[in-house]
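A.B. asks: So the protein sequences, as listed, match chains D and V. Start counting the first sequence at 1; every next residue gets the next number (the numbering used here). Start counting the second sequence at 1; every next residue gets the next number (the numbering used here).
Don't read these hints as lab results, they were simulated from the structure. Computed from a predicted structure; not experimentally measured. Hints should not be assumed to be uniformly reliable.
As the list claims (entries may be wrong) - Here are some of the chain D residues that sit facing chain V, going by a computed Cβ distance under 7 Å:
#1 Ser97
#2 Tyr100
#3 Met157
#4 Asp158
#5 Trp197
#6 Glu227
#7 Phe238
#8 Val239
#9 Asp244
#10 Val247
#11 Val281
#12 Ala294
Said to hold, decoys possible - A short list of chain V residues far from chain D (calculated; beta carbon distances all over 12 Å):
#13 Leu12
#14 Thr29
#15 Phe33
#16 Pro34
#17 Ala35
#18 Glu37
#19 Arg45
#20 Glu49
#21 Ala71
#22 Gln185
#23 Gly286
#24 Lys376
Note that beta-carbon positions come from the ideal geometry of N, C-alpha and C, so glycine has one too.
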Amino acid sequence: MKGRAPRSIPGEPGTFDALSHLFIEVRHAIEGFQGGTHPSLHMSPSIEFAEHRRYEKGDDLRTVDWKALARTDRHFVKSHEREAQLAGLLLLDCSASMDYRGSRAAMSKLAFARVLLGAMGYLLIRQGDAAGLVTFADRRHLYLPPSNRPGHFAVLMDHLVAARAQEDCTTDYDTTLKEVASRLGQRSMIVLVTDLWNASKETEIALSSLCARQHDVVLFHLLSPDEIDLPFEGRVQFVGMEKDGAVDADPTAIRGDYRDELKALQEHWRRTARRAGIDLVSAVTSDSPARVLAAFARNRTGKRTAP
Amino acid sequence: MTFESPFSLLGLLLLLPLIWLHLRRHRETTVRFPAMEILRRIVVRRHLENRTRFLLLLILRAAVLCAFTLAAARPSIAVWRPGGIRSGPTLSQVMIIDDSASMMQKDEDGRSAFSLALTHAMAELDRLRPEDAVHILLAGRPPRPVLDGFTTDRAPVAAALASLRPGFRTNDTERAIEEASLLLQDARTPQTEILFITDLCGDPPSKAVLRGLSANLRVVGTMPRAPRNVSIDRVDVAAGASGGPLEMAISVRVTNRDAFRRRLLPLKLFLDDQPAAAGTMDIPAGGTATKEFSHRFDDKGLHRGVVQIEGDRMAADDRRWFTADVRRAINVLIINGDNRPGSYRDETFYLSRALETPVPGDYPLAVQMVDPETAKVTPFEDQSVIFLAGVNEPSPALGDRLVAWVEAGGGLFVSPGTGPLSWRHLQTVLPGRIRATRKHPASGGYRPGAMDLAHPVFAGFEGGLTGLENLTAATHLLLEPDPSLDRAVLAQFEDSAPLLVERKVASGRVMLLTTTVDRDWTTLPIQPGFLPLMQRSVRYLAASLDDRQPRSVPVGQAVPLEVVEGMRQLIVRTPGGRNVAFSANRLADQTRLWFKDTSAPGIYRVYSRMPGYGGLVEQTAAAFTVNVSPEESDLTRTWSPSDGGDDSDGLYEAVKGHLPIWSYLLLAGILLLLAETIASGWGLRKSHLGKGRT
Chain D
1 MKGRAPRSIP GEPGTFDALS HLFIEVRHAI EGFQGGTHPS LHMSPSIEFA EHRRYEKGDD
61 LRTVDWKALA RTDRHFVKSH EREAQLAGLL LLDCSASMDY RGSRAAMSKL AFARVLLGAM
121 GYLLIRQGDA AGLVTFADRR HLYLPPSNRP GHFAVLMDHL VAARAQEDCT TDYDTTLKEV
181 ASRLGQRSMI VLVTDLWNAS KETEIALSSL CARQHDVVLF HLLSPDEIDL PFEGRVQFVG
241 MEKDGAVDAD PTAIRGDYRD ELKALQEHWR RTARRAGIDL VSAVTSDSPA RVLAAFARNR
301 TGKRTAP
Chain V
1 MTFESPFSLL GLLLLLPLIW LHLRRHRETT VRFPAMEILR RIVVRRHLEN RTRFLLLLIL
61 RAAVLCAFTL AAARPSIAVW RPGGIRSGPT LSQVMIIDDS ASMMQKDEDG RSAFSLALTH
121 AMAELDRLRP EDAVHILLAG RPPRPVLDGF TTDRAPVAAA LASLRPGFRT NDTERAIEEA
181 SLLLQDARTP QTEILFITDL CGDPPSKAVL RGLSANLRVV GTMPRAPRNV SIDRVDVAAG
241 ASGGPLEMAI SVRVTNRDAF RRRLLPLKLF LDDQPAAAGT MDIPAGGTAT KEFSHRFDDK
301 GLHRGVVQIE GDRMAADDRR WFTADVRRAI NVLIINGDNR PGSYRDETFY LSRALETPVP
361 GDYPLAVQMV DPETAKVTPF EDQSVIFLAG VNEPSPALGD RLVAWVEAGG GLFVSPGTGP
421 LSWRHLQTVL PGRIRATRKH PASGGYRPGA MDLAHPVFAG FEGGLTGLEN LTAATHLLLE
481 PDPSLDRAVL AQFEDSAPLL VERKVASGRV MLLTTTVDRD WTTLPIQPGF LPLMQRSVRY
541 LAASLDDRQP RSVPVGQAVP LEVVEGMRQL IVRTPGGRNV AFSANRLADQ TRLWFKDTSA
601 PGIYRVYSRM PGYGGLVEQT AAAFTVNVSP EESDLTRTWS PSDGGDDSDG LYEAVKGHLP
661 IWSYLLLAGI LLLLAETIAS GWGLRKSHLG KGRT
């Protein structure tokens with residue numbers, strides 16, 4: 001953090017301490033503007049040897065490995081990698097449905113997501129990477145470009161704290177994701193925290209498109225415990241939070257079907273994520289954000305693969 | 001269905017809160033929830049299932065409540081079953097013996113249904129145990145008890161049974177069973193029973209009566225096979241076809257209830273106890289035939305007649321009595337309210353002359369004129385038509401007599417006088433309430449408008465109204481409009497105000513002329529058409545009287561007799577020659593009394609003693625005949641084994657008993673409760689399964 005202490009996030013005072021030992025690794029080599037702790041494919045004599053490859057016409061002769069030529073009578077060139085800086089863009093869904101807390105969670109989904117993204121931002125900036133923030137609902141509300149300048153984390157935290165669920169607003173993933181894709185010139189880490197309600201086929205395509213551009217996409221699928229098991233009793237009139245009407249139902253009678261439907265939806269997103277290369281993390285707001293993040297980081301460790 | 005604890009049925013009121021709670025459950029809690037797309041998909045998919053489940057649960061819960069409530073009321077239903085030997089605890093029995101006319105039918109051995117019924121009753125009496133109580137009721141209309149009450153002493157019961165004779169009454173099974181049921185309500189024995197011994201004819205009791213019975217009903221039929229029967233159903237008497245005053249046409253209708261055609265059935269007519277005519281009839285199977293007789297009587301007055309056919313095994317309906325009231329002329333009584341003897345100014349000067357003028361080829365009119373005071377004591381029975389001319393305020397006594405006269409079928413013609421009117425005692429029969437008296441402002445008068453030329457009164461005016469169209473009325477009455485009255489305007493003024501109005505009251509008719517019948521208010525009496533108008537009005541009103549048949553009632557039915565003011569004695573002479581007298585005390589302040597002792601068929605003659613008339617005077621119009629009801633001639637069995645009875649040994653027997661069904665209802669309630677539990681757990685089970693999978 002380069003001499004500046006992180007701000008605390010309301011409701012989660014010990015989150016940063018708990019995460020201080022964690023180290024975020026990304027799956028792919030990421031192109032960065034500044035030297036950092038992440039490997040880059042940019043070649044430089046002063047940096048670490050990466051591998052041999054066959055010489056091709058046009059390669060700089062200075063890179064030819066003469067010792068290998070002597071031993072094998074073939075032309076190889078040495079490629080080197082250098083430490084590169086990671087650009088992490090944190091996307092926060094601020095639709096009305098994110099304001100749902102339920103009866104058994106300590107905080108709403110939006111509050112949970114703010115903690116989660118704040119911690120992610122802190123970790124990124126602490127290790128010398130850039131972090132940016134996008135808040136959106138039915139349209140994009142904020143775009144804070146990735147940066148690791150001194151004081152940037154404080155700005156990011158200010159925006160996170162100011163983020164509010166938009167009353168009666170639904171989520172427009174497609175426009176936001178397209179805009180993000182157009183703004184990110186280099187391969188980046190994109191962290192999207194959302195409940196995925198109202199996500200469409202176009203949303204899947206947009207996320208897959210980001211992965212296809214070599215961005216590292218992490219999708220936190222956030223749900224309240226009440227959204228998982230529908231614990232209500234008696235006749236209930238369910239009123240939508242995003243101007244999506246109301247339905248009368250007997251939760252006792254439909255609970256089984258509801259769980260089946262939710263399970264099918266989660267399975268669908270798991271398959272979609274696996275196919276597109278999205279790192280999908282299902283989280284429940286009754287859990288601790290630190291534990292979710294720790295589990296995510298542990299899962300990422302050792303998954304570093306070549307592009 | 002009957003209930004031992006009917007107050008328990010109040011539990012059914014719990015249905016209301018149950019239904020209310022079900023409907024209220026629709027909107028209990030409102031929850032803002034994000035996962036609407038899933039919920040909506042499920043609710044749409046399960047909408048029909050949810051509605052069905054909701055209705056099913058509501059129906060099941062209501063059914064459970066009804067079943068337990070009904071079971072608590074301890075219901076039982078009445079069912080028929082074959083009769084058998086009774087056993088069990090002490091019994092109170094009401095023995096109903098059918099003594100209607102049909103019980104006179106005889107079997108092949110010449111035994112009547114009634115004697116067989118008595119034999120069976122005696123046998124039943126022997127079967128009863130000493131501690132069993134018995135009562136006897138006769139089922140003819142009206143039902144009447146034979147004993148004073150329930151008794152365990154067999155001797156008076158046997159004596160009463162032995163003294164019974166068949167009657168000519170009409171069967172009234174339903175009322176007899178109801179009365180027996182009422183008698184048994186006070187019985188203190190564990191078992192109660194109604195034993196109905198009958199020939200199986202006549203209408204069975206309605207289902208409502210059977211349902212309401214608390215006692216067992218045992219029906220025993222003594223005549224399982226009905227004999228062939230031919231009966232005289234009706235005798236009509238009317239004026240003869242030739243139009244002579246002493247000639248009468250007598251029409252006899254005979255019904256053949258046999259399955260075979262009856263050929264050359266002998267038939268005899270007796271008049272005044274003398275053979276008058278004889279003939280034969282052919283009657284199709286199951287059909288009727290009519291025989292017409294025409295007879296010229298020697299003199300006017302009441303003549304007695306009887307028609308008789310060849311006897312069969314049901315003799316009670318092979319003879320039918322009738323009376324013929326032969327009159328020499330149409331009697332008209334004019335009650336003159338403005339009596340000025342010998343003067344053309346008299347109210348009835350023109351009227352009496354118009355009526356007394358003989359019309360060739362028609363019955364003469366015998367006109368009698370009285371003042372209102374004399375009219376109060378003048379017998380109306382001999383009159384055909386009464387004119388109330390210029391009587392502006394009839395006394396209450398006269399008003400009541402006139403109303404009774406019209407309601408009994410008489411004809412009344414009313415016209416106003418010139419003084420103030422007060423017809424309140426006649427209001428119930430008048431064709432309308434008088435609204436006002438209207439006077440023409442000029443010296444002329446109101447002219448007539450439309451007339452109902454299709455009406456019998458104007459039927460002879462097709463060639464012209466002979467001056468009626470030129471009449472004027474300087475003054476006439478205005479009537480209140482009243483659509484509820486059955487009245488017809490026969491003639492009206494140019495402005496549609498009624499001139500001559502007719503109203504039918506019961507079987508009588510009333511005509512109201514809204515102006516005077518003398519020249520005080522109108523020029524009508526001096527028009528040439530006045531004479532035929534009055535003559536036709538009288539004959540039209542008299543026709544209603546002529547249409548009336550001599551009074552004939554079924555055996556057992558009460559007959560109304562008119563009482564005239566001042567009448568000192570009224571005597572009814574029965575067919576057996578017995579006089580039933582009503583003294584002056586009984587007649588005081590009465591306009592009508594009912595003669596109930598019509599148990600024997602035949603002719604009942606009526607005599608009265610009036611002041612100034614000397615001895616007894618026969619009231620020929622009041623005479624009546626009593627005959628066996630044609631219903632009793634129909635010997636078709638209305639009770640059959642299909643009702644659950646048994647006639648295997650030649651004696652039909654069926655028992656209507658009460659089967660308790662509360663145990664079945666309790667079982668049904670338990671099963672319904674089980675079904676409700678399964679149905680209500682249906683959603684929960686699915687929910688729990690879902691929880692396990694998550």
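A.B. asks: State for each hint whether it applies.
C.D. replies: Hint by hint, here is what the structure shows:
Look at Ser97/D: its Cβ gets to within about 4 Å of chain V, closer than 7 Å, so that hint holds up. Satisfaction of the interface hint for Tyr100/D is found here, the shortest Cβ-Cβ separation to chain V being roughly 5 Å, below the 7 Å cut-off. Interface hint status for Met157/D: violated, as the beta-carbon distance to the closest one in chain V is roughly 26 Å, over 7 Å. Interface hint at Asp158/D: violated, since its Cβ lies 27 Å from the closest Cβ of chain V, which is beyond the 7 Å cut-off.
Interface hint status for Trp197/D: upheld, as the beta-carbon distance to the closest one in chain V is roughly 5 Å, under 7 Å. Hint status for Glu227/D: holds, given a least beta-carbon distance of 5 Å to chain V, under 7 Å. About 5 Å separates the beta-carbon of Phe238/D from the nearest beta-carbon of chain V, less than 7 Å, and the hint is met. For the restraint placing Val239/D at the interface with chain V, the shortest Cβ-Cβ distance is roughly 5 Å, inside the 7 Å limit, so the hint holds.
With its C-beta approaching chain V no nearer than about 5 Å, Asp244/D sits inside the 7 Å limit, and its interface hint holds. For Val247/D, the suggested interface contact is upheld, since its CB lies about 5 Å from the closest CB of chain V, less than 7 Å. The closest approach between the C-beta of Val281/D and any C-beta of chain V is roughly 19 Å, which is over the 7 Å cut-off, so the hint fails. Given hint, Ala294/D at the interface with chain V, is violated; its Cβ is 24 Å from that chain's nearest Cβ, farther than 7 Å.
No Cβ of chain D approaches the Cβ of Leu12/V within 12 Å, the least distance being about 26 Å, so the stated non-interface status holds. Under the 12 Å C-beta cut-off, the non-interface status given to Thr29/V relative to chain D is violated; the minimum distance is some 5 Å. With a closest Cβ-Cβ approach of about 5 Å to chain D, Phe33/V is found to fall inside the 12 Å limit, against its non-interface label. The claim that Pro34/V is not at the interface with chain D is violated, since a C-beta of that chain comes within 12 Å of its own (minimum 4 Å).
A cut-off of 12 Å between C-beta atoms contradicts the statement that Ala35/V is not in contact with chain D; the least separation is 5 Å. Here Glu37/V does not stay apart from chain D, with its beta-carbon only about 7 Å from theirs, under the 12 Å limit. Interface exclusion of Arg45/V from chain D breaks down, the closest Cβ pair being 8 Å apart, not more than 12 Å. Not every CB of chain D lies more than 12 Å from the CB of Glu49/V, the least distance being 9 Å, so the non-interface label is violated.
The beta carbon of Ala71/V is kept farther than 12 Å from every beta carbon of chain D, the shortest such distance being approximately 31 Å. For Gln185/V, the shortest C-beta to C-beta distance to chain D comes to about 52 Å, beyond the 12 Å cut-off, and the non-interface label holds. For Gly286/V, the non-interface assignment is confirmed: its Cβ lies about 68 Å from the closest Cβ of chain D, beyond the 12 Å cut-off. For Lys376/V, the requirement that its beta carbon stay farther than 12 Å from each beta carbon of chain D is met, with the minimum near 83 Å.
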